[in-house]
Structures are given as structure tokens and as C-alpha cells.
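J.: Residues per chain, in single letters:
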Amino acid sequence: MVIKLLKEVTILAVFGIVLFLVLVWIGAFELLWEWSRQQEGAEIDKLFILFPVLAFFFAIFLWLQIREAKSLNRRLQISNEQLKISQAQLVQSAKLASLGEMVAGVAHEINNPLGVINMAVDMSLIHLEQSKYDLIEEHLRTIKEQTKRASVIVSHLREFGRDTGLEKQVDIDLNKVIAKSFILFHKDLSNRNIEVIQQLSESLPLVKGNVIELEQVFINLFSNAENALKSSRKKQLIVRSFRRKGFVVIEVEDTGSGIPFSIKSKIFDPFFTTKKMGEGTGLGLSISYKIIRNHKGTIVVESEEGKGAKFIIQLPVSKST
Amino acid sequence: MKILIMDDESQILKLLENYLTMLNHQVVTASDGQKGLELFLQTPDVFDLIITDFKMPGLDGISVIFRLKDEGYEIPVVFISGHRMKEEKVDTRDLKVAAILDKPFDLKRLNQIVSLVEKAESK
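Residue numbers (the working numbering), protein chains in the order written: chain A, 1 to 321; chain B, 1 to 123.
Be aware that one or more of the hints could be misleading.
[Claimed, not checked] Footprint (simulated), chain A over chain B, 3 or more residues, beta carbon under 8 angstroms:
1. 13 to 19
2. 47 to 61
3. 105 to 118
[Said to hold, decoys possible] Here are some, though not all, of the chain A residues that point toward chain B, as calculated from beta-carbon distances under 10 angstroms:
4. I126
5. L128
6. S131
7. H139
8. L140
9. T142
10. D188
11. S201
Hints listed in this document are in silico derivations from the structure and should not be mistaken for laboratory results.
Think of the CB as a built atom: it goes at the ideal place given N, C-alpha and C, for glycine as much as any other residue.
Bound-form chain A, shown alone (with noise of 0.2 angstroms):
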């Protein structure tokens, strides 16, 4: 703040001075105008005069529009950090957004060991009542295999909800980033009498990028499938990963309800759904459209009113394999 004041003093004493100089320069003038006037022959143009004026006032503009451009660019920096931190913010409630959606296939995938768990130890507790040991070993064998059945949903929830702002980009294997896609609602798919058909290429080239991110976009897009497939006599989603030429293909295919001509355009779009208020934010698509152009890479969707949708993601195969 002091170091501003005295910046602006400093300019302040500058253009002073340089007005005095000018104060100056018009004293002189009139002096060498009334010597020119004595003397014959001796001529100054008058408009020398408003050199050195209209040089003060061109410095004072150039001054003011410098000062201006300035603090321009000083609020579109402040602006442009704003707007990383909102985008961050964005992504990260839109997973959590992905997350919400999940919410009840993932409780139904944690009680279902806890309801396990409860048993075992109260039947645990009749046993040892009865001083049936062996019987005790058998439910503690079930406990610890539930124990870690739970424990991955809740470390992999704990792993897609965390912040990846800085995440570095790493060689990913897209077939096990899909795989543990499902590890949240596979559960939630079966119940709903999905089938799900995955032709994954076994020798897929590793691409470069960002693993919770791209884990996402999946999670978007079979979320979508799922909803599509709701009112679907024939319920399939279909995963199919392959190389073309430099690129890794995957395919997320549904038999549901497609999209619509006049909404297709539209589908990518920030805050646009067809889901009821509260159910969809709108922002899954829109952010998968961003994490995969992020990852150099393109998502276009091919569908039909009542015909399905495939959504195409194509990512470029990482340089170091």
C-alpha cells in the first residue's frame, strides 16, 4: 500500500516537474517572441509554441491509458484465476454430483456386507453360547471376506471423491480404469436386469492421462445407459475398447431409449438434461466433454429416438509405449 503511494507521488512530482519545464519553455518563448518582434528579420513560428504543450497533455493521455491497460490486465489476471478455482470447483462437484447418483447402488453394495457381518456375529455369539467352535471359525472366515468386500467400495469412493486438481497424468490401461467403473454399480445394473457385455481388446495400448478423471467420464456414461435402459424391453450395455491406428477406441453402447434429434446437439451442453429437477445437474456430459479434450482426445455420440446410444471416446496412444 505505501510502496503504490509513493509510486503515485513519484509520477505525480515527474509530470510536475515536466509542467514547470513546459511553464518554462512557454516563459522563454514569449521572451525570444518579444526579442523576434525588435528585431527585423528575426521570425518564430507561433505554433513552436504548442509543441512542448500538446507533448504535456499527449504524455498525461498516454500516462492515463498506460495506468488504465494496467489495471485491465491486473483484473482479467484475477478474473482468469477465478475462473480456474470456479472450473476446478465445477469438476469436482460434478463428480460429486456422479457420486450422489451412485449414492444408492453403492449404499445397497456396503449394507449388503454389513448385513452379512451382523449375522455372522450373532450367529458367532449362539455358537460360542452352544460351544460350537468350528461353526464360530466358519462365520469369522465370512466376517473378514465381507470386511474386505466392503472395504474396497469405501477406499474406492474414497479414491474417485478426492480432489484431482493436480493430479499428474500418468499411463493408464483404459480396460482396468472401465473395470473398476463398474466396482460402484455393477451391483445397482444386475438389480435393474442389465446385462452387461464387455469386448475389451487384450492388447490395448496404454494412453496417457488421468485416471480418477477418465474413471468419470465412464461412470457418466453408463449412469446415462442406465437411466435409458429404465423403460427398455431389451436392456444391454455394451463396452467394446480397440486400437485404430493411433488412437484408443472405446464404445459405450445402450439398447435404451436414444437421444433425440432436436436434443442431440445439446447434449454436451453445460447444465443441459432431460432428467426431473433435483435428479440430474446436467454437467455430466458437459464435464466429460472437457476431461477428454483435456486428454487430447474426442467423445461423439451416434444415436437414434428409440434406437439406443453409442457414445465414441477416442484417445491418443500414450508416446511412451
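Use these hints to put chain B onto chain A, whose structure you have.
T.: Quick look at chain B alone, frame taken from chain A:
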């Protein structure tokens, strides 16, 4: 009592079967709704209670109970719920629902419910 249990979780099925058999009930188990429905319809009159998971692949628990109601069988039922989400907010007022148990639940609680059903049915 003769009890039909339907759940797609094999461990839950096994533990419930062990527990209720220990309490001198006759237990029949099915790993999904379709099998459960078929088992029930083979000998519909012998069952006193159905214990079923709400959500199951294929035919789910609630659909089996409604199907049985349509066929004219009104049997006391205990629903087991993994998570009471929207799908489970089904109107069950027309059914003979003895209880809805949220996982994880205590076996003692199940025993209390089974005993209450037994008392009510023997009256």
C-alpha cells in the same frame, strides 16, 4: 413354521437358513425371485411366511409378492432392504407385510417378528 427365503446373497441365505432351522422352522431357500415363485407355487399351502430381499436381479421380491397376491395367495412377508431408495417406496398397504428390515439387522429382531407372525397365524 415353513418359511421361504429369497435373496441373491448366498451368505445371507445360508445364515438365515441356519438361524431359522436352529429355531426349529422348516426353511426353503431361493437365490432369486423366479425360483422362489416357482418353489412357492409347487406347494403353496405349506408356507406360513416369506422372507425376501426387496431388490434382486430378474424378478425382485416385491414383484413376487404382488404376483402371488394376484394369484390369490396372501401370505405374511418380511422384506429385507439393502437401501430404501425410490424403487422401494412401493405401496405395500395391500400386502400382509409383517416387517421391513433394513440391512444390517439383528437376528434377534427377525426372531421376534417370526414369533409374532407365528402367534398371529395360530390364532
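J.: All the hints need checking, so say for each whether the structure fits it.
T.: Hints and how they fare:
1. 13 to 19: holds (count 4)
2. 47 to 61: Answer holds; 5 residues pass the 8 angstroms Cβ test.
3. 105 to 118: holds (count 4)
4. I126: holds (7 angstroms)
5. L128: For L128/A, the interface hint is violated, since the closest Cβ of chain B sits about 14 angstroms away, which is over 10 angstroms.
6. S131: At 14 angstroms from the nearest chain B Cβ, S131/A fails the 10 angstroms test, so the hint is violated.
7. H139: It holds, given that the least Cβ distance between H139/A and chain B is near 8 angstroms, below 10 angstroms.
8. L140: violated (13 angstroms)
9. T142: Nearest chain B Cβ about 6 angstroms off; hint holds.
10. D188: Nearest chain B Cβ about 9 angstroms off; hint holds.
11. S201: Since chain B brings no Cβ nearer than about 28 angstroms to S201/A, farther than 10 angstroms, the hint is violated.
Comparing the model with each earlier hint shows violations of hints 5, 6, 8 and 11; every other hint is respected.
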